[in-house]
Structures are given as structure tokens and as C-alpha cells.
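Visitor: Taken in order, these protein sequences are the chains called A and B. Each position in the first sequence, counted from 1, maps to that position plus 36 in the working numbering. Each position in the second sequence, counted from 1, maps to that position plus 129 in the working numbering.
Calculated directly from the structure, the hints in this document are not laboratory data. A portion of the hints provided could be inaccurate.
Stated by the list, open to error - Straight-line C-alpha distance at most 25 Å; calculated SDA-like pairs for lysine to any residue:
#1 B:LYS332 with A:LYS45
#2 A:LYS45 with A:THR67
#3 B:LYS331 with A:THR79
#4 B:LYS176 with A:GLY71
#5 B:LYS331 with A:GLU86
#6 B:LYS332 with A:THR67
#7 B:LYS176 with A:GLY77
#8 B:LYS176 with B:ALA270
#9 B:LYS176 with A:VAL92
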Amino acid sequence: MKLITAVVKPHRLDEIKEALQAFGVHGLTVTEASGYGRQRGHTEVYRGAEYTVDLVPKIRIEVLAEDDDAEELIDVVVKAARTGKIGDGKVWAVPVETAVRVRTGERGPDAL
Amino acid sequence: MAPAITLAADAPTLSSANTGFMLICSALVMLMTPGLAFFYGGMVRVKSTLNMLMMSFISLGIVTLLWVLYGFSLAFGTDSGSIIGWNSDWVGLSGIGLTDLWDGYTIPVFVFLVFQLMFAIITPALISGALADRVKFSAWALFIALWATVVYFPVAHWVWGAGGWAFELGVIDFAGGTAVHINAGAAALGVILVIGKRVGFKKDPMRPHSLPLVMLGAGLLWFGWFGFNAGSWLGNDDGVGALMFVNTQVATAAAMLAWLAYEKIRHGAFTTLGAASGAVAGLVAITPSGGAVSPVGAIVVGVVAGVLCAMAVGLKYRFNYDDSLDVVGVHMVGGIVGSLLIGLLASGKGQSHVEGLFYGGGLHQFWKQCAGVFAVLAYSLIVSAVLAFALDKTLGMRVTEDEEVAGIDQAEHAETAYDFSGAGGGAAARTAVPAAPAAETASKKVDA
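The shape of chain A in the complex, shown without the other chains:
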């Protein structure tokens, strides 16, 4: 199994969810995150005092996938998240040792 994590622009969330559902993914976890990559932050001004805001709002999406589906799923997420502008985010995958469905106790791919 793989854990696919995507840190992307917040307004792409709906497209990504729809694309994953179309692919057949049954569940995902979303958290609000903040961070920056190459686009860095922005400048705000309050009564003439300028503040550099480094961290910009992002959405972090986590999906568990079977090994065979992982590469294709990553492509689905990347395609749905892309706007072509700087700051689109990152997607990565890491191996997962095990997963358990809490209600039934099923383990491994059966738990997905």
C-alpha cells in the first residue's frame, strides 16, 4: 500500500475530490495547512507598516492506495490540482506497512 499526500491550492479541492471519486477512491482525509514553496508569501500593509506573510493557506489531502493504483492515482491528483501557475503545490507517495478498518478489524488492502 501507499500513502499519497498532496499539498495543493485550497480552491482545487473540489476538482481533486471529484477526480478521485471518478477513479473509485472511497475515502480521503483533508486538513487545512499553511506553507510556502517557490512562490513564497505576499506583502500586507496596515497603517503604512508592511508585513511579509510567508505562509500561505494550503490544503493537505491524504489518500491510501493499493500499490498497483498508486502511480495512476498520483497522476489523477496532479492533473486535477494543476493551474499552471507558481504555487500549485506538491504530491508525493510513501510506502505504508499496514492499515486497519476500525469497525471490522480488516487489515491490509481489504481495509481500504
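With chain A's structure known, arrange chain B on it following the hints.
Guide: Chain B only, in chain A's frame:
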């Protein structure tokens, strides 16, 4: 406030219209203090929101009682030496009859004193914006009591009390440019020079945590200010109160636009904080001058105040004093602008026949205005600094550095302004588990 123009030789009789109007104006001015609390409260960081709100609200409590006990007597009692008033019948308001009229006016003394009470409440509250995040609440409460007693009550007497030196000299201050705004702004400067800067000033980001609250507060201030300004004529018999009402709106509109234009040119954006600040700067500047200038004059007052205050709020970074929410930059500077412009723009057709430089009256009135501005500024600055110094050496004015960094709300008020736990109800953070009273816990065990 100028003496009433008595048209007939007869003594004034009670006017129900003026009495009702003035009671409403008093309530409007009262609303300005909560408005100010939100205006300031939105500008601080999340961790000191409640303290900022409470610094204003506590003034509603303390100053009200002082006013009833002796404040009204000190400010408006029989003059001694043009410096201070006293009238022992007014101590505890005990000797005032329900139908006694305020001398020369058509409203009861009770109406006049409650209207003036609201001014005495908001003036110390104005100072609090400069002291954000760092002042012990007990020290602040005591400061308000002492400051009202030795600064506000005497200065209100100078400016508005019969026999007060500025009043007799002919300094024009319709609703409080000197007595309220320069007074509070100079006091703020005096206190912060003693107590010093917030931890992290000029290093840590200190942006406002809620601009919607700031806008709400500015809106309430603008609304309440109609009572503050138009009510200061104490009645509506000659139209001067209505002129003041119009000029209040005109100058505020002009100052808001001027501040926005200045910052768009200078910093590249029209900000909400700029709109709110510009409006308040205009309200401050028209406060002393709105009865003396024409509506076109009010536009000039507003534009000058909007631009100068927008420039003045940057000075704290250059000269390194932490006027946290710009009380000096907006109230002191705005008050000076409005008070001095009377000397140039008084039309002779408002509250009095006094004409300013641009209306052919020469600089006669301007010098009087300078005297009022300088005296109030110097007295308030020095006495406030001495008070802060004395409190700092005895009680201590500041919370500890750890408490300030962690947030003064928790240290001084044992509360948090906002629950950010979301739908999870704070389960992860394990906060806010109420401690059950011992007896209840015991009985629950029996039930179980």
C-alpha cells in the same frame, strides 16, 4: 461649548424637546465606549483581545462612580482660581433638584451631568489603545481613577466650566478637541514613554487580528459621535447643533477619502484599516471645530486631518516609541489639527461671530487656540507620565514578559477570546474541562 444665546430676557424654561434630545445624545455617547473597545479590540493580536475590550469597559464602571461622588463637582462646580470647580451640594448628586435647570439652558442639571459623564468615560478609555498587550489590569484601573481626578476633571473645567481659564480666554472647543482628544493623546504619549514598548515591537508581526471588528467599532464610533458633537450645544433652538451634525458627517467623509487616497499613493492599496482610521481622524478633528466652520471648511478640516494623521502614524517606527494603536497619531494629531484650524477657518456664522484668518479675522483666534492646545498637551503629558511612573514604582505597570508573550488575556482575565477548536469541540487540545464542585462529584459517584 459656548454660553447659551438667550434670545429673550426671561430665564430659560425646561424644554421637553431639548431634554429628550440630550438624553438620546447621552446614550449615543455612551455607545462610543463599547465602539472604541471593538475598534481597538480588532487591532490587537488574538491573545490580547479581551484585555483591550476590558480596558475600555472598565472605564464605564470606574468613572461613573467617581463622577457621581465628586467628578461633576470638580469639573463643573463653582470656579476657584480658573483651575478647578467645587460645589458640595453636588457631591453624590444629592443636592440637585429634579427640575433644577443647568444654568442658562433649557435642560435639567441631571441631563447635563449624565451627558458630560459619557465624555469623562471615553476620554481615559481612548488612552488604552497606546498601552495594548502589556499593562496590568489593576494598575490600569487605578490609573483611570487617578487620571480622571487630576487630569480630566480639571481640564474639562478649564475648557468648559464657567470661570475656567481657557473658557474665559475664548478658546473654542465645541465638543472636546482639547479636553478629550489632545488630552487623551498626550496622556498616551506620557505613559508609553514611561512604561516602554511591547515585547517584540518592530521585530514580531503585530497585525490586527480582526479588521471586521475594527470596522464595526469605527461604525459605532461614527454613529455615536453625532450625539457627542451635535449634543454639545445642549439644545436645538438656534440651529448650531444641526450645523455641527452636518459638519461631523462632512469632515468624516472627507477624512476617510483623504486617508485612503494617501495610502493608495504611498502604499499601493485602499485598506479597510485606512478607511476606519481616516473616519476616526475626521471625527476627532471636527470635534472642536464643527460649530465654527462652514461645511466647506469642514471638508478642509477632514482632508487635512486625514492626510496628516495618516502620515503621523508612521512616526512611532522612526522615533521608536510604541504607540501601539496610534492614539497619539490619530487623537493627539487630529485634535491639534481641528483645534488650530479654527483659527484659520472660523466663519463667524456658527457658534459665535469669531472669524479666522481666512475670513478676515487675522490671527487673533489662532493664538488663543494655540494657548489651549499647548496648555492641555503639556499638562496632560507631564502629569500622566508622573502618574505612570508612580504606579510603576509601586504596583508595577506591566505584566511579566512571559505573561505578555503568552498573552495578557490568560494572565489577567483567565479567559480566551475565541474557541478555535472547531467541530471537534476541543477534544484534541483537552481544554475547558469544568471543575465540578466537590459535593456534586461525590453524589455522582453514588449514582454510578
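Visitor: Each hint needs a verdict: does it hold in this structure or not?
Guide: Against the structure, the hints come out as follows:
1. B:LYS332 with A:LYS45: Not OK: LYS332 (chain B) and LYS45 (chain A) at ~30 Å, beyond 25 Å, violated.
2. A:LYS45 with A:THR67: holds, 12 Å
3. B:LYS331 with A:THR79: holds, 16 Å
4. B:LYS176 with A:GLY71: The hint holds at about 22 Å.
5. B:LYS331 with A:GLU86: Between LYS331 (chain B) and GLU86 (chain A) the Cα gap is close to 11 Å, so the pair holds against 25 Å.
6. B:LYS332 with A:THR67: violated, 30 Å
7. B:LYS176 with A:GLY77: Holds: LYS176 (chain B) and GLY77 (chain A) sit about 24 Å apart, inside 25 Å.
8. B:LYS176 with B:ALA270: holds, 20 Å
9. B:LYS176 with A:VAL92: holds, 21 Å
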